[in-house]
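Enquirer: Sequence:
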Amino acid sequence: MSGPPMSGQPAMSGQPAMSGQPAMSGQPAMSGQPAMSGQADTRATDLAADPLLPSTYNENDLRAAVGATQLPAAAQARAKKSRWRASDGDDGDDDDGDDDGAGGATKPRSRKTMLIGALTLVVGGGIAAMVILGKINSQRYLITCEADRVVVEHGRTFPPWGESSLGGAEWKALKIPPEAPCAPYETDDKAELAAHYFAILRDHSTTLLTAREVTKIDDAEAQLKQALLVARSLGRDDERIDARDEIERLLGDVGYWRASAKLRTASEALTEAANEFEMAAKQRPRHVTDAAAWALYVRKLVGELRAGPAGAATATFPPLPPGERPTAPPGVALPIEPGTGSEDGSGAGSAEPTAPPAADAGLPTGGVLL
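Start counting the sequence shown at 1; every next residue gets the next number (the working numbering).
FYI, nobody ran anything at the bench for these hints, they're computed from the structure.
Hints may be right or wrong, so weigh each one.
[Unchecked claim] Subject to a maximum C-alpha distance of 30 angstroms in a straight line, what follows is the list of computed DSBU-like cross-link-like pairs (lysine-lysine):
hint, residue 1, residue 2
1, K282, K216
2, K175, K216
3, K225, K282
4, K172, K190
5, K190, K135
6, K135, K81
7, K225, K172
8, K282, K300
9, K216, K172
10, K112, K81
11, K135, K112
12, K175, K225
13, K175, K262
14, K172, K135
15, K262, K300
[Said to hold, decoys possible] Okay, the calculated beta carbon distance ranges per label pair:
hint, residue 1, residue 2, range
16, G311, G167, 47 to 55 angstroms
17, A191, L301, 48 to 56 angstroms
18, G235, R140, 12 to 20 angstroms
19, R249, G162, 35 to 43 angstroms
20, G303, C145, 35 to 43 angstroms
21, L301, A180, 36 to 44 angstroms
22, E186, L121, 33 to 41 angstroms
23, A191, I136, 40 to 48 angstroms
C-beta atoms are modelled at their ideal positions from N, C-alpha and C, and glycine is treated no differently.
Let's have the full structure, built from the sequences with the hints guiding it.
Expert: Here's what the structure looks like:
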């Protein structure tokens, strides 16, 4: 509506007075009110000096201006934080290809995140592959032959290649001489590994116990006890029972040869005692007179020990076990040396061979009587 404002009512802020508009015809200007052109200039100067919003304000100031309820301090802090995020320009929308300035700064961070994610996937996949390969490799069991021992090994878990010695007292390496036979072996079944290594320990200890001179009794006993431990890993109960029975019998052989060694030691001590008795008898002791008798008695004991329970003197002492002497098969007569008529070789009971009967003189030789 054209015309000067009403008296006592200020002009609207920011709305300049209409310049060049004359007063309404027949309507005088209100008392004390300047012309509209001068009033517009004054209002423009006031707006420049007094802006619409102060330089600093908060949420409660705005609410107080409009008469609304003020916010508590916590809500005011959250509102301030949300305004700060909005002014930062990071609205999480990277799909706008025309973003620049603050919005464009999110693109390098996004590429870095993708690179880190890709590297994480590659490293995680590599670790998973190594774990799987290590598990597969650890299920391999091997028996390897070295220059002086037999070693039981299994595949390593990490790194997932190569082999390492299998732990445990039952899988301890077996020392062997250079001439001992040995063949490598590989399996993925621990029961088969136990059966193969049990056979190696049993055969090697048997070789030591059946040698011409049994001198490595302790080594044979240690190998047999190790074989008892290996027998626990056999697959079936009947195999474990049979293996223990066989080892117990071989340990009996160990006890036999250990007692034979002690018997040899006792025989040597008795022989030395007999020699000392003889030396004492030659010196004609003053207070004793039976030194020579003791020397004869001790030598007799030594002779009986060497003869053994069979009563036959042998070239080796202690004598070989009965199973080591060759015997004739049942039903086969022992051969008799030529020139002897009896088994003792004395010739008693032998007779001269008889002459063939004389031919009948009344019958022609070679004829047939009808």
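Enquirer: Each hint needs a verdict: does it hold in this structure or not?
Expert: Hint by hint, here is what the structure shows:
As the CA atoms of K282 and K216 are separated by approximately 41 angstroms, the hinted pair breaks the 30 angstroms bound. Proposed proximity of K175 and K216 is supported: the alpha carbons are some 12 angstroms apart, at most 30 angstroms. A hinted pair counts as satisfied when its Cα atoms are at most 30 angstroms apart, and K225 with K282 does not qualify at roughly 52 angstroms. Among the hinted pairs, K172 with K190 is consistent with the structure: their alpha-carbon atoms are about 15 angstroms apart, no more than 30 angstroms.
Between K190 and K135 the CA atoms are separated by roughly 15 angstroms; this keeps the pair inside 30 angstroms, and the hint holds. Straight-line distance between C-alpha atoms of K135 and K81 comes to about 53 angstroms, which puts the hinted pair past the 30 angstroms bound. A threshold of 30 angstroms between alpha carbons decides the hint, and for K225 with K172 the separation of about 12 angstroms falls inside it, so the pair holds. Only pairs whose Cα atoms come within 30 angstroms are accepted, and K282 paired with K300 is accepted, the gap being roughly 19 angstroms.
With a CA separation close to 18 angstroms, the supplied pair K216 and K172 stays within the 30 angstroms bound. With a C-alpha separation of about 27 angstroms, the suggested pair K112 and K81 falls inside the 30 angstroms cut-off, and the hint holds. The suggested pairing of K135 with K112 is violated, with an alpha-carbon distance near 35 angstroms, which exceeds 30 angstroms. Straight-line distance between C-alpha atoms of K175 and K225 comes to about 15 angstroms, which keeps the hinted pair within the 30 angstroms bound.
Between K175 and K262, the direct Cα distance comes to roughly 26 angstroms. Compliance with the 30 angstroms bound is thereby established for this hinted pair. The straight-line distance between the Cα atoms of K172 and K135 is roughly 23 angstroms, inside the 30 angstroms bound, and the hint therefore holds. A distance of roughly 19 angstroms separates the Cα atoms of K262 and K300; the hinted pair therefore holds under the 30 angstroms criterion. Between G311 and G167 the beta carbons are some 53 angstroms apart, a value that agrees with the proposed interval 47 to 55 angstroms.
The beta-carbon spacing between A191 and L301, approximately 53 angstroms, falls within the hinted interval of 48 to 56 angstroms. Evaluation of the 12 to 20 angstroms hint for G235 and R140 yields a pass: the beta carbon distance comes to about 18 angstroms. Against the hinted window of 35 to 43 angstroms, the Cβ-Cβ separation of R249 and G162 comes to about 40 angstroms, which satisfies the hint. In this structure, G303 and C145 break the distance hint of 35 to 43 angstroms, their C-beta atoms being roughly 48 angstroms apart.
As the Cβ distance of L301 to A180 is approximately 41 angstroms, the hint placing it in 36 to 44 angstroms holds. One distance hint, 33 to 41 angstroms for the beta-carbon pair E186 and L121, holds here, with the actual separation near 36 angstroms. One distance hint, 40 to 48 angstroms for the beta-carbon pair A191 and I136, is violated here, with the actual separation near 19 angstroms.
In this structure, the hints that do not hold are numbers 1, 3, 6, 11, 20 and 23, in rising order.
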